Amino acid sequence: MSELGSLQFSLGAAAKPSPAVVARRVSHAFDTGSARKQVLHDVDFALERGEFVILTGPSGAGKTTLMTLIGALRSLQSGSIRVLDTELAGLAPGGQREVRRRIGFIFQDHNLFEALTAFQTLSLAMEVAGGRPGHRQARRRAARLLSMLGLEAYLDSKPRQMSTGQKQRIAIARALINEPPIIIADEPTAALDAETAGLVIKLLRELVEIGGASILMVTHDNRIFSAADRVLNMVDGRIAPSQ
Amino acid sequence: MLPRIGLGLRLLLHNRARLAVASASVAMGVVIVFVEFGLLLGMLDAQSLVANLVRGDLLIMNIARVNLHRWDKIDAVRLEQAAAVPGVARVTPVYEDHVGLRDPDDKRVRRIILYAFPPDDIPFKLADPAGISHALKISHGFLYDRLSRPIFGKFKMGDDIQIDTIPLRVDGYVSIGADIVNDGNILMSSGDWLSRSPDAKPIMGVIHLEPGVSVERERRRILTSLPPDVTVLTPAETAERESAYTLRSAPVGLLFAIGMLAGLIIGTINCYQVLYNEISDHLPQFATLKAMGFSTGSLRSIILGQAVVLSASGFATGLLCAWIADRYIAAQSMLPIRITVPSGLVVCSLTVAMCVIAGLIAIRRVAIADPAALY
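Listed in order, the protein sequences are those of chains A and B. One gets the working numbering by counting positions in the first sequence from 1 and adding 788 to each. One gets the working numbering by counting positions in the second sequence from 1 and adding 934 to each.
Keep in mind that the hints were calculated from the coordinates and are not lab data. Just so it is clear, the structure is predicted and the values come from calculations on it, not from any experiment. Don't take each hint at face value.
Unchecked claim - The list that follows gives simulated cross-link-like pairs (lysine to aspartate or glutamate, DMTMM-like), each with its CA atoms no further than 25 Å apart:
| id | chain 1 | residue 1 | chain 2 | residue 2 |
| --- | --- | --- | --- | --- |
| 1 | A | K946 | B | D1215 |
| 2 | B | K1059 | B | E1150 |
| 3 | A | K825 | B | D1304 |
Okay, chain A solo, but in the shape it has when bound (with noise of 0.2 Å):
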């Protein structure tokens, strides 16, 4: 856990922060016409900071058009989503951008560029966060990093020389590399075996309770329920309430 310790998150110095992340009576529907399909009714949530939530529930629940919308991913059409105390109602595209640079995505594919390096695609990421730093300093926040995903002998490796875990585990190394204070994953855990995925669960835990990150995680993998502060469960776009 120590090793985590040099990772600073930056969260506002108020004494009673607001909520990383409040969702009021969002409702979202794709097509139009007779093709309309509502996947979102008035959803109301809220992350908090240095939460770690997962958001659960079948196919179709709606879990993945939450995600998108709170990841400033595509616009809202009605309701409110305040990320880090911007409005994501109405902003505009560079707006968007400019939430999404203070979010760590894990997508269920890792998405790595086969040409790039483990520290080529995590460079790549630093210079997002307003300009990577010098070479040397680059290198050693990605070896430390990928040394805690237990990947330190991988950072000049290209994808092709990985296993799937492991491209995983860059992809999520790529997430987490600029120290956002939102993560929003989904399924980060599928294609990683049991160990591996725990010790990706560990770090993230590390994240929520040493950082102070918050974590959105969709995922239908019970094995790693206990790590969240709490599980909700969507049915037909709507947050079931607490079992």
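Fit chain B to the given chain A structure using the hints.
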């Protein structure tokens, strides 16, 4: 939006087989442009070859002779009148005609251009003028242009070759060159030529001015002194006029421009196809970069970087292929086809422009990379 060449290069280098095919695709357009450009420049150089060879300050010709391939002769008296103008040192008559050279091997007669002039006053910049002068004065034979197309047969110095049915001795060689219309040249003394063709008129006169005389002032003076049936140009103006005529009147300029345009379009389409596939294959990666907060402009700069890399590799490959093709075409056509530094720079700029345009078209595909679709 500056192209990210380093990242573009890394992404392209990853799949070397694809990069090789992509470079070859772009190079195809480059070769077409280079060869068309080389042919055009070679043709223009060839058409103005004689003008560039002239050794003198001004040329006087029949005003009807709007290009050097016309046969409008000038009255010899006009050359004498020009020579009488103050400031003119002398005027060298140059005779030009077609003659038939009989191949000593297959006995076929082929047309060749004959230039005749006084052996003491060689009007062309040729190597070893003293030797040429001596050869033309002593033997009454002819000098053969070794850069003529190899269609006239094989013969050596001292052989008697039939020129218009009269045997004449090969007294030596000069280097002039063929052009699009003429396959080769021979040189003869004007005395010998006039003894065979007493009514021959000069095709032009090469004017040598007194030292220190203004060329422009002297030209005006000659033109005002002589009847208006002559034109007076510097050799450089004659060469420019020849190039302009070739480009304009003979529609070769248009033909080669269309050829070059076709090469550029082919290169652009090929480059676009390569970049389109490259983007399509990496759409999830580009969408991920978008999700991370990269702007569409940043992604475009990666594609532009790839376009610049493709233009460089395509140009290098194309330059090599075009150099080989030009050598072959030059050897076959005996035209001065070559790749020069200026023509290389022009084609290089066109290649970069071609690939950047292809990149700008392909870039639209990056805009559709939807990060929301990643979930």
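Hints, verified against the model:
1. A:K946 to B:D1215: Holds, because 17 Å separates the two Cα atoms, which is no more than 25 Å.
2. B:K1059 to B:E1150: Since the Cα atoms of B:K1059 and B:E1150 sit roughly 22 Å apart, the hinted pair holds (cutoff 25 Å).
3. A:K825 to B:D1304: Since the Cα atoms of A:K825 and B:D1304 sit roughly 20 Å apart, the hinted pair holds (cutoff 25 Å).
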